[in-house]
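In order, the protein sequences belong to chains A and B.
Position 162, counted from 1, in the first sequence is what the numbering used here calls 162; the numbers after and before it change by one each time, with no gaps.
Position 68, counted from 1, in the second sequence is what the numbering used here calls 1068; the numbers after and before it change by one each time, with no gaps.
If you are wondering where the hints come from, they were derived from the structure by calculation, not from laboratory data.
All the given hints hold, so there is nothing to weed out.
As a list, the in silico DSS-like pairs of lysine-lysine whose alpha-carbon atoms are at most 25 Å apart: (1) A:Lys38 x B:Lys1282; (2) B:Lys1207 x A:Lys233; (3) B:Lys1223 x B:Lys1149; (4) A:Lys167 x A:Lys262; (5) A:Lys68 x B:Lys1282.
Here are the chains, one letter per residue:
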Amino acid sequence: MIIGIPRSLFYYKYGTLIKTFFNELGIDYVISNPSNKKILEDGKTLAPSESCMNLKLFLGHVKDLENKCNFLFIPRFESVNKGEKLCTNFYLLPDLVRNIFEEHIIDFNVNVNKGKTMKSAFIELGLYLGFSYNKTVNAYKKALETDKKVKNNLLLKQTNTLNNSNKKILIVGHSYNIYDEMIGKPIINTLEENNFSIIYADICDEKEKNDELSSSIYFTYNKELIRAINYYKEYVDGIIIISAFPCGPDSIVNDLIIRKTKDIPIINLIIDEVSSNTGILTRLESFMDIINKESAYGK
Amino acid sequence: MNKAYLGIDIGSISTKGVIIDENNNILASSYIWTLADPVNAVKKLLKNLKQDIPKNYTVVSVGTTGSARRLIGIMTGANVIKNEITAHAIGTLSKYKDVKTIFEIGGQDSKIILINDGIVTDYAMNTLCAAGTGAFLSSQAKRLNIDVKDFGKMALNSKNPTKIAARCTVFAESDLVHKAQIGHKKEDIVAGICESVVNNYLNNVAKGKKITPPIVFQGGVSKNIGVVKAFEKITKEKIITDDNGHLMGALGVAILAKKEKEEIFDFDILNLDFETKGYECKKCPNHCEIIAIKKNKKIVDAWGNRCEKGSLI
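Please take these sequences and the hints and turn them into a complete structure.
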């Protein structure tokens, strides 16, 4: 049996957790290829009109898994923290995929607001796949440990970056945007080619997070990002917000960030399906000029 | 022989070129339509400039800016290739050293640049939508059967500008048709369009930005006196425009070129055969859009590929 996992949306948040869980149980899985033009084109033809770019990419990733697996792992995440929510797209994924594809889907539901925790979802999954309760619980524990280890390593690496002498740019965006080959990667590559060090807002020590700006935001992922900004602000030379078009939560929260973040250069880059990157490059180059100040003027 | 510097600003709609001397005085300038053919636009531009440059001057350095800056930079062997925002700021600062805010509305782009102590501190550009730019004005002028050059003057005759939706070109156009059909005067509609351009700009591009005078307004749309007056009416500030406002990007990049290594520029590239080609690389699912530029049938540069497989050079 092979389980297919789309490299999109939830994958960038819970990838380690899911992969370790399957590894521990000895289940084979396949992950779709990194986003590319074909995946986006496929997604565009499959997605309902007016979908966001991420949803289109997601469906392209599911298409990429066709004939490569027996089951699709399409989880439903409604809320992961009490009193908060995720974007609607995260909780309609299984229904949408079921409507479009013939493949079997494995159920996985997380809705903390209704008592369905991550742990209970993983245990249900293990039992459904025919494993004993003990084995499942152990696999989940191991997955949690590994996930924590990976996150700690990233945090350590980022702390080292904070101490280097390069100019630094804080990237604020959902992990499924900033690490995606079609959305955030080209931007981050351009910045690195120009000798900027990148600090990622989605990697942040829980202890350092600051709720000053975010107390009334109930979109979990946006809340996490906005809490990291206050901490990293004093260490970086500029902030770039990356969003995919269109995004409801981002359109509210990014505006809030820009209005409330003073005394530091900040831009919001919105990525859409237009294949030419000239517009983004112009914005990026100008932003780098602002950060490099005098040197950009040949002074 | 005196040294001169060439700056080319090649935008989506128009191509601008200046030649300056060592003191940033403009020796020659040209302003033509790009007509979706940057290579030939630049050839034509160079031909105009070659005729106008005083005989005792030689171009020793070249800079390019605008959306086709890279292509044209390769073609002319430019020493500096710079984004429009920095180029516009430098050009404007050379004439108005105290400027704090630059409004720029071009053919498809609109931007606001904020300057403090002679350095750009913040900017914003239109995001996905080109509403309220030159392209919008020229299509509305066509619809009203007015020469876009007379548009501004006509707006000044209006005493009672018609309210026109500012958000989206498509909606603005249906709104405009509706207003015409119910009997609004043409000059009122024209003035309404000018105000809608300004409202769109201030509510979208300049949203949340602190606008401090002195304000310089440039880009093709700054030639439209109706829009200039609408800006003054709505911002209640004096708006500075410059006869050479459309040349500021080219001027800025020419000034930047002054600081580069000197090398005599040969206007003979006019006679070379340049050909560009864009295609999708099919060697992997990334389908990168590759642009190749050929000089006399030989590839001189290519870009757009994300990996080695798409490399042509």
